[in-house]
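A.B. asks: For the protein sequence lines, the chains are A and B, in the order given. So for the first sequence, our numbering puts the first residue at 1; every next one is plus one. So for the second sequence, our numbering puts the first residue at 1001; every next one is plus one.
In case anyone wonders, no lab produced these hints; they're calculated from the structure. Be aware that a few hints might be false.
[Said to hold, decoys possible] Computed, partial: chain B to chain A, Cβ under 8 Å:
1) G1017
2) P1024
3) P1051
4) Q1054
5) I1056
6) T1063
[What the hints assert, rightly or not] Below, computed lysine-lysine pairings styled on DSS-like, alpha-carbon distance capped at 25 Å:
7) K609(A) <-> K1048(B)
8) K608(A) <-> K1048(B)
9) K1048(B) <-> K559(A)
10) K496(A) <-> K516(A)
11) K588(A) <-> K559(A)
12) K662(A) <-> K672(A)
13) K609(A) <-> K559(A)
14) K595(A) <-> K609(A)
Cβ atoms here follow ideal geometry from the backbone N, Cα and C, with glycine treated the same way.
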Amino acid sequence: MKEKLVLIGNGMAGMRTLEELLTIAPDKYDITVFGAEPYGNYNRILLSPVLAGEKTVDQIMINDLDWYAERDITLHAGKEVVTINRARRQAITADGTTVSYDRLLLATGSQPFMIPIPGNDLSGVITFRDIQDVHAMLEAARAGKKHAVVIGGGLLGLEAANGLMKQGMEVTVVHLLDVLMERQLDIEAAAMLRASLEERGLRFLMGAQTVAILGEERVRGVRFKDGLEIPADLVVMAVGIRPNIDLAKRSGIHCERGIVVNDTMQTYDPRVYAVGECVQHRGQTYGLVAPLWEQARVCANHLASYGISRYRGSVTSTKLKVTGIDLFSAGNFSGGPDCDEIVLRDQARGVYKKLVVRDNRVQGAVLYGDTIDGNWYFQLLRENTDVSGFRDSILFGQAHLGDAGHGGNNVLAMADEAEICGCNGVCKGAIVKAITTQKLFTLEEVRAHTKASASCGSCTGLVEQLLTAMLGDYSKTSKEKPLCPCTEYSHDHVRKTIREQHLTSLRAVFDFLEWKTPDGCHSCRPAINFYLIATWPSEARDDSQSRFINERVHANIQKDGTYSVVPRMWGGLTNPKELRAIADVADKFQIPTVKVTGGQRIDLLGVKKEDLPKVWADLNAAGMVSGHAYGKSLRTVKTCVGSDWCRFGTQDSTGLGVKLEKMTWGSWTPHKFKMAVSGCPRNCAEATIKDFGVVCVDSGYELHVGGNGGIKLRGTELLCKVATEEEAMEYAGAFMQLYREEGRYLERTAPWLERVGLAYVKRHIVEDGEGRRSLHQRFLASQQYAQVDPWAERVSGRVDAHEFQPLRQVG
Amino acid sequence: MVDWHEIGALDDIPRLGSRVVQTPHGDVAIFRAADDQVFALRDRCPHKGGPLSQGIVHGYRVTCPLHNWVLELASGEAVAPDEGCATHYPVRQENGRIWLGLNNVVSLPTAARETA
Ligand code: SRM
Ligand SMILES: Cc1cc2nc3c(=O)[nH]c(=O)nc-3n(C[C@H](O)[C@H](O)[C@H](O)COP(=O)(O)OP(=O)(O)OC[C@H]3O[C@@H](n4cnc5c(N)ncnc54)[C@H](O)[C@@H]3O)c2cc1C
Ligand code: SF4
Ligand code: FES
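The following block holds chain B by itself, in its conformation from the complex (with noise of 0.2 Å):
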């Protein structure tokens, strides 16, 4: 079941920029691309745990802030050499507002790992 929230609009983010929503499953980073596209990933490289929110984006791509790792906005997926993945979750858009569709059932045992 995914439950979609309204997180803002377009413009509260800067384009080739990223800002973070706050969940109880830990943070999600919403990036704005060049052409507007809006991505969500968790806020968590695959690498070491880096904050992707921080990153450079480009392209549809960010690269993690601590070591340079470049992942795909729109799957989450590092790009080789690399090897890894960061949580992907859907993102709409609706008359200028995004909404973040966060599933509930799939990303909880996730969220008690991390606090475990």
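With the rest of the complex left out, here is chain A (with noise of 0.2 Å):
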């Protein structure tokens, strides 16, 4: 007979410590589990993306029921254990249910504290810990509810004020102190976080006590001591978490701040243990995961009977989850009276770092601007490390450069046991090992094989440089960070300089914005000359020794210098005389390799660059002209054969694709962008991983925007349904212009959209026509300029001939 465990509380600690028990003694127990709420087991730290619309209730699961079924546990789930009779070992919930027990795990996690004022049981006042609160703030924005206040600025409540702002609301954040996020920050770098968030659009009321929620049924504003009230439709309160021993308590087993547990995770009923944020361990609660997940793992080892791994207590650090925010903090970062600060601050750069240090040894510290070296003296700090030998340039980072361009130098010089993702105690070391041995591409790849990243996500930025460093050069995107070492300003501030100042070259740029280098660098000439002719399509002339090779002679150079011609295929179209011509020229220039695309068309590889003039020439006989495989525009508009011939396709998508791609190709984008129309919801041109995709259906067309299937695969985010071509059209028009003119260079749309939020793109190109029709003007109207067939045009011999003849041949 197996003996029976019972888990009291479905939720990451618990559920973990299952995990790790099923790895290590899959038969030991009969196990059955009990959830207050009623789903399984879900990543409750991805809540704050849910609720800023970056992911969905489906998307965060870690267990879902099927899971549960798989493995015979048996899951009560919205069901709340209310006793426990120790003396019978058994555990009974509200309506009867009675399991009894060989093991009890306690893992009830906490509960958001309600400040005891009047009015806090009004309807639409909730706390922020699970999803019905979610569904209840989402619900309320939809509802078209305007004013939201946010009790509590810490990090809880700022990434609840920051969902609600990106799904609409007017948010203000109230705080008590004057100082955001005081147990994780100082006042310096709390100040440059409210600057930041402000600019975002957030509100605070510092150093502001919250009296009454006034209201009859519904809230409808807020009474704070000195008197003054505010409008609120809906009150978020997250003013701090406590234990959730209430059950425990009743049951007898001793309790202090939390449940008592001793270093094997036992309470002191020997038969009973407890994880998570619900128990206090040498004195000391929790309320972030790492440390639960190593409570988990020496609990597990204890039920399996291993009996010898010891639990002794956890340092912690934070990341907050706004997107956009790099902010760090870890350890004590107030310093003492035998502590010294090592700070540097940057405000220019929107940087600041400071490092507490006692004898040496690294106590706290906090980054905000630049945490790229967050994990290190995370390190440092855990492993008391002597940092005498580089103390007076500890802050410039472990690489010792700060160097945009050589971001991922920074990660491959870190230790092979540093760790990298914090959630799941994943170190460098077996990341780089599972990339080589399992040959993986994507982030994806690495979360599903090592689980590094896989949780709060906040480490996605290390494990990207890494999956770079080691598969190969990958333009990153920006924040709010410096354009280029040649400048302080950022990418925002310049292009709006140009537009303000009417700057129609780069030198006029330079000369304004007063560069710190003579003509710039590689970074900064492509991004502005993109930015310069964006904005003014009919003045700026583009200026050809500012493109990267592969657009300046438009075609991709290769690793021996050879290039690669991709011709234009509209919506994957071809015919005979198209591939006759295809052959005869491969046939001529003796070119090596012949390819189909990852973008439906074909790909002449190996063209030597004297012959590419030629090559272009018989090509443009044929009809066809430049594909844009290289450029930072328009790629490819795949499509699938739809109603033409499919026996369920419900539109023309083969023909919708290729007015789309007349429509726009030539056009440059910040980076590339490329589209897909399926026929149905089968979409087999799989549309919803694309910049912009189309999929038809009976009554219409689906706009889907922001998919991205390269380096960080993301689905699209659905825009909106119309009725026609013509609407689909020039929603894509506008959709276009609006990343022209707003997203940063080398950014794409999903990291754009990621940015600004689906609510602040619906509102310019689906709420507001006037404001859609006059971009996709502005995008008509810069394409005229873009138009011209950069092949022929060089096959005329009247456009930069130099770049294809030797200057001199000698001896």
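Using the hints, build the complex out of the two chains.
C.D. replies: Shown next as structure tokens:
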């Protein structure tokens, strides 16, 4: 007979313990799980991205109902245990369900704290803890409620506020103290954080004490101690959490602030274990996931009767999950009498770093704006490393460089044992090994194989850097940082200045913004060139010397210095004449490789540079033009066969694809831009991983935006549905133009959308008809100057002839 | 012994651009900076042989088109943290014409190694 194990609390800590237990002793127990929430186990951390509209509830499930069934675990979801009869060893729920146990595991988490003030029970006053809370917030936003008040300027409060703002509400954050996130940040970093959140549109009431919530049935306002009243349709209390110990206490299990456990996670009742936020260990309670993972490992070890490991407490570090804000804090950052502070502060770059050091050992760290070395400092802290040997340069980071162009080197310089994913305890060596031995290429694959970055996602940047460093150079997108080392100004500032000052040449930009280098560098020149031609299409002159080689010669450079040529095949269509011309060209110029691309067209690889114009001339003669496979521009419009042939096709997807491609080819964009049109929801053209995707349905066209199938896989978000092809074209043009006007150079639509939020794009494209039409008009206007086949221009010999001929032959 | 060869006019090379001179020892990239100074480097990046003539020229430097190493035009040295050096050649300008100095004795063995 198997022993019986009962878990109370179907959350992150309890379930992690079960997972660990099942890997080391899969057959030891008959397991029953009780969860007060009516779901499987989900990743609570990711409620913030769900609220911000960046993830769906389905995407954050860790163990769905099937998972339990497959392992013969009985799950009572939606049932709260109200009594533990320790004499009879039974757990009993409100409806009388009774299950007996040999071992009991308590993982009841914590409860959000409600300030005891009048009105805190009104409808519309909620906390931020579970799926139900997020539903309530999303509902309020969808119902058009306008004013949200978030009480509490800590981690949770700010993530709630950011999410509600992304959902289109006007949000005021109320904080009792003058410093945001005072438990993680010092005054300086908190002030920078506040400024940057204010810039995004959050409002703050600092030093404000809430005394009452106003309203009859539903909340309508909040009153403060000084008498001030502000309107509120929704109040979110995020003022702290308390270990959820009611049940344990009632059952006579020894509790103080939390359920008291020893180093084996055992309570005072030897049959009862506890893990997670509900426990108190060596006087300490925890509110973050990383320590719970350590507890789970230890607890599983003892439940399996191995009896060897001990939990000795954890040091925690914190990151804020607000897309676009880099913030890191760990350990003791406020110092003390025998501590030194090492500080770097660069207001213009928006960077602040502080280390607290005692006896040459790191005690704590606060980083804002540049958190790339957070994990390194955290490692020094945990390992109590003596830093006297490199103390003078410690703030410059592990690789002694903050040069954006070489970001990959930072992660390369990390030791193999350095931890990259704090949630799941994955170190660099393990990721490197997985990437090489398992041939991983994408973030998703690394997540699947190693679990790194699969929980809260805040180490995504590091993992991406590692992928980049190992798989090749990948253009990083930039945040509110200087555009490059040649300037202090950010992308957004440069672009705004170009518009407001009517600057039309690189020279004018360098002079006006007092560039630090005489003629920029390989990072800023292509960016500014794009901003100039996108802002002033009829005036700015394209500067070919500021284009990356591929765009300068309109072909892709290969590793051996030869080029590849990809002619456009409208909507993926071709015909015998084109194919014959391609075959002839391949023969005539002895082109070694002919390949079908992932973008539904044909690539001729290994063309000598001086042959390019001749190859193009022959392709032009057969009616083909450049496919811009090399450009930060429209690439392909992928289509499926659609209603012309397919028995399921609802609309003419091929035809619409061709029209879209004819309208948009040649346009320059911040990064490459890909489209697709599928004829029905089977979606054979993979429209939902494109920058702009159309899925035809019987009643019209679904328009999807912001997908990416590259380094970081991201499905699109639904922009809206339209009835006609004409509308689909107009929305496509408007969307591209908005991206061209506001996306930062080398930022694809996926990260751009994550930065500004779908609600923002909808406001401009869907809700504002006038605005959409004028965006579309601006797009068409700039196309007049862009839709000139660059190949034909060069075949004519009038443009950039010097590119294709050696200057001279000597000897 | 340096042999001087006349290779063309300054205006044959775009500002902040480059052209190639083909020699028996391999291609040489001729660069023109914004202030019309001219430099010559072997057209092979010390990293993985990328054609430097195809890079972006800025100041007295060029960025390799393949993996973004940055090299000094005057010395051919890679800018830290990268390490490596591309052979550099002397150049002269006279009356708008450019002269390239090729050192037969030194460059022959390099070329031999190349083709081996
Ligand atoms: C030729 C092709 C591979 C093939 O043989 O199929 C290709 C080749 C290259 N891709 Fe790609 N990509 C090709 C389809 C794709 C696709 C598939 C697609 O478009 O459906 C993807 C994923 C979809 C997406 O972009 O969302 C793809 C994602 C990437 C990425 C990652 C982009 C990202 O945002 O994550 C890069 C790197 C970059 O752009 O910085 C990249 C970069 C490159 C570069 C330009 C690498 C480079 O910088 O030299 C390659 C140029 C090779 C050459 O000289 O031709 N390629 N690349 C495909 C050309 C399609 C075409 O007809 O134009
Ligand atoms: C919005 C949000 C964002 C967060 N972000 C981060 C972050 O970025 N990084 C980080 O490290 N941490 C973060 N946290 C904290 C993290 O989610 C918690 O530390 C973690 O979930 C705690 O796990 P737990 O298992 O102890 O508790 P929980 O995950 O809360 O699980 C406890 C479960 O037990 C159930 N339960 C309680 N009593 C009973 C009973 N009597 N009978 C049956 N079931 C019961 C509860 O309903 C609950 O489902 C965040 C938390 C929230 C709410
Ligand atoms: S074609 Fe794309 S996936 Fe293939 S090696 Fe080049 S960049 Fe990588
Ligand atoms: S070949 Fe020049 S940087 Fe790699």
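A.B. asks: Within 25 Å, alpha carbon to alpha carbon, are K588(A) and K559(A)?
C.D. replies: holds, 23 Å
A.B. asks: Going by Cβ atoms only, is P1051(B) closer than 8 Å to chain A?
C.D. replies: holds, 4 Å
A.B. asks: Interface hint check: I1056(B), Cβ to nearest Cβ on chain A, cutoff 8 Å. Holds or violated?
C.D. replies: Where the cut-off is 8 Å and the nearest Cβ of chain A is about 4 Å from I1056(B), the hint holds.
A.B. asks: Would you mind confirming whether the straight-line C-alpha gap from K609(A) to K1048(B) stays at or under 25 Å?
C.D. replies: Given pair K609(A), K1048(B) holds - Cα atoms ~19 Å apart, limit 25 Å.
A.B. asks: Answer holds if the nearest beta-carbon of chain A is closer than 8 Å to that of Q1054(B); otherwise answer violated.
C.D. replies: Holds, because the Cβ-Cβ distance from Q1054(B) to chain A comes to roughly 4 Å (cut-off 8 Å).
A.B. asks: Go through the hint on G1017(B) and say holds or violated, using the shortest Cβ distance to chain A against 8 Å.
C.D. replies: holds, 5 Å
A.B. asks: Does T1063(B) pass the interface hint, meaning its C-beta sits closer than 8 Å to a C-beta of chain A?
C.D. replies: holds, 4 Å
A.B. asks: Against the 25 Å threshold, does the CA-CA distance of K608(A) and K1048(B) hold or violate the hint?
C.D. replies: With a Cα-Cα distance of about 18 Å, the restraint between K608(A) and K1048(B) holds, given a limit of 25 Å.
A.B. asks: Checking one constraint from the list: CA of K595(A) to CA of K609(A), max 25 Å. Satisfied?
C.D. replies: holds, 19 Å
A.B. asks: Assess, step by step, whether the Cα of K1048(B) is no farther than 25 Å from the Cα of K559(A), and give holds or violated.
C.D. replies: At roughly 8 Å apart (the allowed maximum being 25 Å), K559(A) and K1048(B) satisfy the hint.
A.B. asks: Given the hinted pair K662(A) and K672(A), is their Cα-Cα distance within 25 Å?
C.D. replies: Distance of about 17 Å is within 25 Å: holds.
A.B. asks: Was the hint right that P1024(B) lines chain A, CB cutoff 8 Å?
C.D. replies: holds, 4 Å
Hint check: no violations occur; every hint is consistent with the structure.
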